[in-house]
Structure formats: C-alpha cells, structure tokens
Amino acid sequence: MKKTILIIITIILTISLSGCSGYDELNKLSIVTAVAFDKTDDEYELSFLIANSPKSQTSSKEGEAKTTVYSGKGKTVTEAIKEIEQISPKQIYLGHINVVIISEDIGEDGFLKISDWLIRNPQTRKKFYLLQAKDVSAKNIIKIVSPLESFPSQSIATLIESNAQSKATATSVTYSNFIGQILEKGFDPVLPSITIKGDIKDGSSEKNLETTEPESYLVLGPLAIYKGDKLQGFSTDKESQSINILKNEAKEFNYNIEYQKENISIEASKLKTVIKVKDTQNIEITVSGSGDIYNINNNIVLQDYKEIKKIEKTWNKEMKKDLEKAIKKTQTEYKADIFGFGNIIYKNLPKKWEKLENDWNDKYFPKLNINIKTNLKINATGSLVKTIKEGE
Amino acid sequence: MEKIDKSAKKVIDKTKKLYGNSPDVNNRLINIKGTNVGILFLESSSQASTVSDFIIKGTLYAGSNKNLFQNIFDTLKNSLFNSQLFTINDYSQFPYFLSSGFTIIVVDGSSDAIIMETRAQLDRGVTESSSEPILRGSKDSFTESHSKNLGLIRKRIKDPNLWFDELKIGRRTQTRISIAYINGIADPKKQKEVKKRLQKIDIDGILDSGNIRDYLIEQKSIFPQIRSTERPDVVSQALLQGKIVIFVENCPFTLILPTVFIDYLHTSEDEYQKSANITFTRVLRILALIVTVFTPAIYIAITTYDQNTIPDKLLISLAIQREGVPFPTAFEIILLTTIFEILRESDIRSPNSMSAAMSIVGALVLGQAAVDAGIVSPITVIVVAFTSICSLIFTDIDFMNGIRTWRFIFIVAASTLGIIGILSFTIVWLIKLASLENLETSFLSPFAPLSKTSQVDAIYRAPEQNIYTRPKYISNLNPHRQRRSK
Chain V
530 MKKTILIIIT IILTISLSGC SGYDELNKLS IVTAVAFDKT DDEYELSFLI ANSPKSQTSS
590 KEGEAKTTVY SGKGKTVTEA IKEIEQISPK QIYLGHINVV IISEDIGEDG FLKISDWLIR
650 NPQTRKKFYL LQAKDVSAKN IIKIVSPLES FPSQSIATLI ESNAQSKATA TSVTYSNFIG
710 QILEKGFDPV LPSITIKGDI KDGSSEKNLE TTEPESYLVL GPLAIYKGDK LQGFSTDKES
770 QSINILKNEA KEFNYNIEYQ KENISIEASK LKTVIKVKDT QNIEITVSGS GDIYNINNNI
830 VLQDYKEIKK IEKTWNKEMK KDLEKAIKKT QTEYKADIFG FGNIIYKNLP KKWEKLENDW
890 NDKYFPKLNI NIKTNLKINA TGSLVKTIKE GE
Chain L
6 MEKIDKSAKK VIDKTKKLYG NSPDVNNRLI NIKGTNVGIL FLESSSQAST VSDFIIKGTL
66 YAGSNKNLFQ NIFDTLKNSL FNSQLFTIND YSQFPYFLSS GFTIIVVDGS SDAIIMETRA
126 QLDRGVTESS SEPILRGSKD SFTESHSKNL GLIRKRIKDP NLWFDELKIG RRTQTRISIA
186 YINGIADPKK QKEVKKRLQK IDIDGILDSG NIRDYLIEQK SIFPQIRSTE RPDVVSQALL
246 QGKIVIFVEN CPFTLILPTV FIDYLHTSED EYQKSANITF TRVLRILALI VTVFTPAIYI
306 AITTYDQNTI PDKLLISLAI QREGVPFPTA FEIILLTTIF EILRESDIRS PNSMSAAMSI
366 VGALVLGQAA VDAGIVSPIT VIVVAFTSIC SLIFTDIDFM NGIRTWRFIF IVAASTLGII
426 GILSFTIVWL IKLASLENLE TSFLSPFAPL SKTSQVDAIY RAPEQNIYTR PKYISNLNPH
486 RQRRSK
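Top line first, the protein sequences correspond to chains V and L. Each residue of the first sequence is one higher than the one before, starting from 530 at the first, in our numbering. Each residue of the second sequence is one higher than the one before, starting from 6 at the first, in our numbering.
No wet-lab data here; the hints were simulated from the structure. Treat the hints with care, as some may be off.
Calculated lysine to any residue pairs in the SDA-like style (CA-CA distance at most 25 Å, straight line) [said to hold, decoys possible]: (1) V/K532 <-> L/I427; (2) L/K11 <-> L/G106; (3) V/K655 <-> L/K318; (4) L/K318 <-> V/K906; (5) V/K557 <-> L/I425; (6) V/K532 <-> L/A439; (7) V/K532 <-> L/I432; (8) V/K656 <-> L/I307; (9) V/K619 <-> L/Q312.
As the structure is a computational prediction, the values presented were derived from the model and not from experiment.
I would like the entire structure built from these sequences, with the hints used as guidance.
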C-alpha cells in the first residue's frame with residue numbers, strides 16, 4: 530500500500546513539476562527559415578522569413594504555404610528582435626534557420642558584432658549557410674520568390690548546393706566554419722555573395738510565380754573577401770574560380786581556353802591542390818587534375834595525339850597564369866590570407882610562426898614567394914573526333 | 006462414497022428426484038425372469054439410437070438366452086457391445102457420468118452399476134483456424150471436444166511418451182483438464198508444479214482455458230505470460246520443445262507453458278518456410294512491435310517538444326497541416342486512437358452482415374470527414390492508421406491489449422515529458438518485462454539471460470538441419486533434437 534502511494538506520488542510529481550517547459554504546438558510557432566541582417570545609419574535592421582503562413586483559413590494541404598517577412602529595427606540585435614516579436618502574432622521559432630544573409634554594411638562593420646546572438650541562442654542550428662548580399666540589401670534577397678522552390682530560403686540553399694558542385698565560382702560556407710576561419714590563426718575567410726537580377730518589387734510578389742520567365746531572380750555572385758571579420762571587397766568571377774581551386778573547394782567546373790584563336794571548352798574534374806611549405810618565405814603549390822574536351826568550333830582534328838598534347842600545354846599555362854593573378858591580387862589589394870598559407874606555416878613551423886604572427890597580413894603575407902606547378906591532363910575528347918561540318 | 010441401492014427401481018426414482026424431475030432424465034425398467042434391470046441415461050447428452058441399438062437390444066437378447074448365467078449382472082457386463090464399459094459402486098459418481106452422456110445399468114440385487122459410453126455428438130467438426138490463419142501449413146484447429154483435441158495431437162506425435170495427466174476442476178462443471186507433455190523431454194519438476202497449481206483451484210465452474218490462466222502465473226503483468234493457441238501444430242511444436250500444454254474441456258484454446266516474449270513474434274509457419282526469409286520476416290515483426298508501441302508517442306514528443314529533429318520541409322508541412330486544428334496534438338492522438346479501439350471492438354462483436362456498413366462509416370468518418378471538418382490533422386490520421394496496422398500483426402489478443410496499454414502510457418509520458426519521458430518509460434518497461442518469470446523461465450529468454458545456443462531460433466532462424474538442440478531455458482532434460490550426420 531505504502532509502495533503504491535509512493536509510486537503514484539512520484540508519477541504525479543514528475544508530470545506536474547516538469548511543467549510544459551519547451552512545450553509548443555506547431556501551429557503556435559512562426560518557423561523562421563531565413564534571417565537577413567542590414568544596417569542603416571546606427572541601427573540594425575533584422576528581417577525574418579517565416580515559412581508557415583497558410584494561404585487561407587480552410588487550407589490544410591501540404592505545399593500551400595506562403596511566406597511572410599517581418600522586420601524590426603534597433604540599436605542592438607536583441608532590440609530588433611523584440612520589435613519583430615511585437616509584430617508577429619505567433620512565437621518566433623529559430624530552430625530551422627536555413628540561410629543567413631548579411632548586407633555589405635554589416636560586413637564592413639564587422640561580422641562578430643552580430644554573431645553573438647546567433648551562437649548564444651540555444652534554438653539555432655549552427656550549420657546554416659551564410660551569404661553576403663551584393664549591391665542590394667539583405668532583406669530584399671529573402672523576399673524574392675522562386676517558381677521552382679516552395680519558399681525563398683530553400684531556393685537559396687539549393688542554389689548554393691548545386692553551384693558548389695558544378696560551377697566553382699561560389700562555395701557553400703556554413704556559419705560554423707565561417708566563424709572557425711575567422712578565429713583560426715593565419716586564415717581569412719571568404720563568403721559567397723548573392724544578388725538580384727531584375728526588379729525587386731516584382732520579384733517579391735506572387736506575380737513572379739505566374740510568369741514563365743520570372744521578372745527577377747537570385748544569382749550567386751563572386752566571392753566576398755574578408756580580412757578577419759571585416760569585408761574587404763569582391764573578387765571577379767574568374768578570380769573566384771581560381772580561389773576555389775587553390776582552396777581545394779572546386780572539384781568540377783568548366784574552363785575556357787583560347788587555342789589557335791578559337792575557344793575550347795574543357796570540363797575539368799578530379800582537381801586536387803597540394804600546398805607545401807619550404808620555409809617562411811617560400812610556398813609551393815601543385816595543382817593536378819584532368820579534363821574532358823567539351824566544345825570545339827574549328828578544324829582541330831583530335832585524332833592526332835600531338836594536337837591534344839598541345840591543347841593540354843596551353844591549358845596548363847593559362848591556368849597557372851590565372852592562379853598567379855588571383856594570388857597576387859589578394860596579396861597586394863586585400864592583404865587577406867584567404868588561402869590559409871599562414872595557417873599552414875603555423876602548423877608546420879610553429880616556432881617561426883610566433884615571430885610572424887602579429888605582422889602576418891600586412892608585412893609578411895604580401896611578400897610571400899609562391900611557386901605554382903600545374904599538372905593537368907586531358908583524358909577524353911567526348912564521342913566526336915571531328916567537328917560536324919557541312920559537306921562532309 | 007455413497008452405496009448404490011440394491012433395488013433398480015429405487016435407484017431410478019432417486020436419480021429422477023436428484024435431477025428435479027427434469028424431462029431429459031430417461032429410464033427403462035426391463036424385467037428378466039423376475040429380476041428388474043434399470044437403464045438410465047440423459048436424453049439431452051446421450052445418443053438415443055445408440056442406447057436402443059446396443060443396450061436395450063443387448064439386454065433383451067441376454068434375457069432371452071436360455072443358457073442364462075445365474076447372475077444377470079455378469080451376463081450383461083460380458084455380453085453388451087461397447088468399447089467403453091466399466092462398473093462403479095459409488096452413487097455419487099452417477100451425475101458426472103449421466104451428464105457426460107453415459108448410460109448406467111443397474112440390476113436388482115447388485116451393489117455395482119454398469120457404465121457405458123453413449124455420448125451424443127454435441128460439437129462441431131474439425132474446422133479451419135479462424136483466429137490464427139496461415140498460408141503454409143496444416144489448416145485444422147481444435148474444437149470443443151476434449152477427446153478430439155487430444156486425438157489431433159496423438160495423430161501428430163505417435164510416441165507413447167506423450168502423456169496426458171487428467172484433472173477435474175470445478176465443483177459444479179466438473180471440467181476435464183489435461184496436462185500434456187512428452188515424458189523424457191519436459192521437465193518433470195515443472196509439470197508437477199503446474200499440476201500442484203491446478204489442484205489448488207477450488208471454484209464452482211471452469212468454462213474456458215482463460216479461467217485457469219491466472220492461477221498458473223507467478224507475477225502479475227499487463228502482458229500475458231502464457232500463450233494460448235487453437236492450432237494443433239503449434240501445440241505439437243511446443244511439446245517437442247519440452248513445453249507443457251494444458252487442454253481444457255469444451256475450449257478450443259490450449260495453454261502453452263512456459264511462454265517467453267519472443268514466442269509472440271513467432272508463428273508455426275516459421276518452421277515450414279525458407280529459413281533465410283523468415284529471419285527477415287521476424288525483423289519486420291519486431292519493427293512493427295516498436296512502431297506500434299512508440300510511433301504516436303514519438304510523434305507527440307517531436308512535434309511539441311523537439312521540433313529541431315524534424316527536417317525543414319516536413320516541419321513546415323506539418324505546421325501547415327495543424328493550422329486550424331483546435332486541440333493539442335496529444336489530445337488529437339488520444340482521440341483518434343480511442344476511436345480506432347472502439348471501432349476494432351465493435352467490429353469483433355458485430356455480426357458479419359454489418360461489417361460492411363461499419364467499415365464505410367469507420368473509414369469515412371475517421372479518415373476523410375474528421376480531417377475535412379478540421380477536428381484532426383491529416384498526419385495524425387496517418388500516424389494512428391500506421392500504428393493500428395502494425396498492431397494487427399500479432400494474433401494473440403492478450404498480447405495486443407498489453408501493447409495497447411503501454412502505447413497509452415507512452416503517449417501520456419511523451420505529452421508531459423517529451424523524448425525524455427519516452428526514454429524513461431522505456432526503461433521502466435524493460436525492467437518490468439525483464440523481471441517477469443514463470444516456471445523458472447525468464448520472460449525475456451533467450452536474450453536476458455543470454456543463451457547463445459538458443460539464438461538459432463530466436464530472431465535469427467537457422468536452417469532446419471542446423472538446429473540441433475532444444476531451447477535450454479525450457480527444459481534441460483534432453484537437449485538433442487537432431488543427430489549430427491557423420
């Protein structure tokens with residue numbers, strides 16, 4: 530008897546005392562999937578993309594979600610959030626943030642000023658994508674609706690994922706590895722940038738979904754180069770590709786070379802970059818990989834082995850030139866060690882690094898001697914030997 | 006013991022009075038050379054034609070015989086045609102034999118009575134099993150006839166070591182109960198213990214094996230610890246493993262002791278089909294068990310406490326579906342599960358002609374209309390339907406009900422404590438299951454305690470020719486079931 534009473538008391542206490550802490554019904558939540566950070570004058574402007582607003586009251590079917598953007602302003606990030614919470618009728622839920630976009634102003638001001646809130650919040654995942662808005666405000670980017678994905682944050686995420694695999698101009702950078710790179714010694718981070726093509730107003734309305742050719746859409750731009758947590762500038766597309774090759778991020782991409790005054794398109798694959806430290810002044814980089822010929826518009830006959838060798842040689846030469854150019858620019862213009870050469874020196878020669886550490890970006894990195902070797906091979910020519918022509 | 010009166014007429018009158026002059030008490034008084042021969046039988050339980058053909062004809066024939074012995078009693082005893090004929094001298098046994106369909110012959114001047122079997126066919130024939138259907142294997146099932154049931158087992162196991170130990174339980178019903186076991190395989194200690202427990206029962210009536218089940222277990226539990234089956238092949242498999250089976254008169258369901266948890270996940274078919282595929286089927290059954298116990302609870306826990314664990318697109322889809330539903334998720338689940346349980350219960354009770362109407366109402370009201378009316382969200386219907394389908398994999402009704410009880414416990418735990426609640430109550434559940442023991446056999450054998458040699462037929466099923474031993478946790482007497490080929 531005594532035992533049963535004890536068991537009943539234990540059950541009642543566990544149920545009643547645990548309370549409903551953390552208890553949330555799904556329809557009482559505003560699920561935030563994208564966050565945009567903007568800065569105007571002295572105030573931060575925070576925008577949340579809420580993914581689960583139903584189209585109408587009676588609809589309960591899947592895929593009929595509409596998105597809503599709420600934004601708030603404040604001197605600090607928390608103040609801005611407080612303002613959003615006042616507007617939003619439901620509780621803000623941050624567990625499913627997919628994409629965070631920061632504007633150029635925020636980047637120039639320093640990313641670490643806003644990152645504290647994102648890390649401190651226990652709800653947020655730390656694996657969301659981080660992007661740099663280029664030319665437009667971050668808020669406008671999360672507003673653009675895409676006809677192929679059900680909500681904007683999803684379209685941005687798929688855009689990055691597919692791009693990182695095939696084009697090599699942008700890479701996917703998650704929040705946690707961005708912060709990691711800022712904090713690491715001898716390393717400066719890069720961010721993929723995103724921008725809008727077309728009219729912003731049309732793109733954010735449902736009309737954008739009704740036309741066959743969208744009025745406006747999102748495009749991934751070149752890489753944004755950071756020094757520490759501060760934005761330095763944007764590279765060009767060609768440079769972005771080179772940076773990604775050197776950072777070992779690009780595995781597959783398309784490369785155009787000029788050979789006998791004609792354009793040849795090569796699909797590069799299995800790219801591998803090895804960086805070796807000789808001493809604190811000299812670094813040796815070997816880029817190896819292979820490529821398939823995709824597109825030729827002239828009389829080159831690929832049956833000839835020597836011809837292929839010649840194309841290969843041109844490709845190696847042009848690639849080397851591109852890589853050198855990209856490195857030179859970061860060394861002189863941005864003075865940001867985005868390739869992590871300093872980090873490699875720190876890992877290999879830790880004692881020597883101690884002396885270099887303080888002046889690395891301004892003094893030693895720009896003077897670094899970098900020797901690039903390329904070892905690229907053309908493997909296949911596709912299923913054609915000669916280009917198709919009239920009269921043959 | 007009560008002596009039988011030496012006057013046949015007096016015995017007949019006494020018996021009639023004993024039965025309160027019920028019209029089915031039939032008697033015949035035949036006078037043979039001055040000696041009265043009384044014939045007594047119950048019209049309701051005896052076959053009247055058998056009585057006329059063999060007993061009355063035989064008695065009259067014996068009377069007309071010129072070379073009649075001095076003693077009519079001995080003559081009758083030796084000349085009547087019947088395979089079951091014996092004498093008793095105790096009047097108190099009369100009602101049992103009469104009600105069982107025997108005919109009693111009393112002779113003037115004799116203190117003994119002749120008893121002959123003239124039972125009427127009061128049961129149906131052997132039919133196909135309705136509660137445990139299988140695809141591959143024998144189709145017969147037990148009936149209400151005790152001797153037929155024992156015959157179905159004798160037919161399968163011809164070894165004379167198949168022994169039946171009979172008891173009569175129930176002061177008024179006098180129900181025959183047989184403890185069947187194979188001498189030399191089953192543990193005699195366990196058999197004696199079962200008999201001891203049965204002998205302790207002192208009750209007015211036993212109508213079904215379900216009545217005696219609770220006397221045979223040691224610890225109380227929601228789960229049944231004794232498997233009941235109406236399939237003779239399941240019983241034969243159990244006997245060959247060294248288990249003890251209890252047959253109850255007038256009941257097609259037998260009890261198998263000792264039963265372990267994994268037995269509920271096995272079917273007799275498992276031994277007849279290809280063993281490699283059976284392992285997969287058993288894994289599916291375990292999966293179904295886990296699904297049917299945990300799915301509603303996990304759904305509640307992750308949608309109300311741990312939304313972080315749901316993929317983005319699914320979460321948004323779930324949130325949209327829940328839009329406009331007025332009740333909390335836990336209430337929604339409990340509501341739908343309760344409706345389903347009521348539907349299942351009424352489906353068992355309702356006559357066949359109504360089941361079509363029931364399924365239409367059930368499917369439309371439960372599935373479509375409730376969603377359209379905004380009472381429940383579509384995903385809840387899916388969760389409950391999935392759970393219910395998985396629970397139908399198990400044939401034992403007591404086992405299903407045990408699972409159902411735990412499902413509700415987990416739902417309450419999940420709606421108050423989330424994932425942590427499910428986890429802690431899973432531990433409670435496992436402790437409860439592991440602490441069960443009957444006849445020195447742990448309920449979670451052969452997993453806890455682990456028996457490596459018995460793993461050949463637990464979840465994994467080895468090919469028949471590789472299973473050499475009987476499960477050790479049942480009986481250790483004679484472990485070899487198959488000789489190793491040389």
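So which of the earlier hints does this model not fit?
4
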